[in-house]
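So the number in our numbering is just where the residue sits in the sequence shown, counting from 1, plus 6.
Just so you know, these hints were derived from the structure itself, not from any lab. These figures come from a predicted structure and were not determined experimentally. Don't take every hint at face value.
Claimed, not checked - Within a straight-line C-alpha distance of at most 30 Å, the following computed DSS-like cross-link-like pairs (lysine-lysine) qualify:
(1) K166 to K106
(2) K166 to K48
(3) K88 to K106
What the hints assert, rightly or not - What follows is a set of in silico ranges between Cβ atoms, one per label pair, in the way DEER data are often shown:
(4) E114 to D81: 48 to 58 Å
(5) E168 to E114: 18 to 28 Å
(6) G93 to D147: 49 to 59 Å
Positions of the beta carbon are idealized from the N, C-alpha and C atoms, including for glycine.
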Amino acid sequence: MNYPQAGDGWQQMPPPIFSAQPQPGQPYAPRHYPSATPPRKKKTWLWVLLAIVAVIVLAVGGGVAFFAVKSPAQDGMTLTLKVTGTGSAGVWYTPDLSVKRVDLPWTEEITIPKSESFELDVAPVNHDAPVTCTVSIGGTDIVTNTSSPTGSGSAILICKAELGNH
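Build the full structure now, drawing on both the sequences and the hints.
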């Protein structure tokens, strides 16, 4: 566009810069739209990779935890202790050796750590009748021992079970 200038006449000028103000003859200011930004690339591959890594970590960690934390039943063995006779008796057994006074006949099921041997000791109060002790695993008797009546004195009945192959 050419505009009149003072002095030597007409001079070429750059086009006017559009402003937010309406130009004469326009009802409102021209609209300016921001330049379109390119759409962001989706990083779905990252989420898929993270999900796969999480599944692997959980699977490996769960497997390690499964083998690292065993229940007592997996590390131990269940024994059935039985003492038959009349009257009462003091009984104690490995591994804790705490003495219990029980009425006969008496049966108890216990779980102990795996070991090579186990011992059940019985001290009957009535020495006039026979007393029998039995240690069994899964319904199979491992050891049975019977005391004969002594009439007096102290008799201790011992049931020592070898558990090496059970």
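Structure-based check of each hint:
1. K166 to K106: Within the cut-off at roughly 18 Å; holds.
2. K166 to K48: Given that 30 Å is the threshold and the Cα spacing comes to 73 Å, the pair is violated.
3. K88 to K106: Roughly 14 Å separates the two Cα atoms, so the pair holds.
4. E114 to D81: 48 to 58 Å: Hint violated: Cβ distance 20 Å, outside 48 to 58 Å.
5. E168 to E114: 18 to 28 Å: Roughly 20 Å apart at Cβ, these two residues keep to the hinted range, so it holds.
6. G93 to D147: 49 to 59 Å: violated (23 Å)
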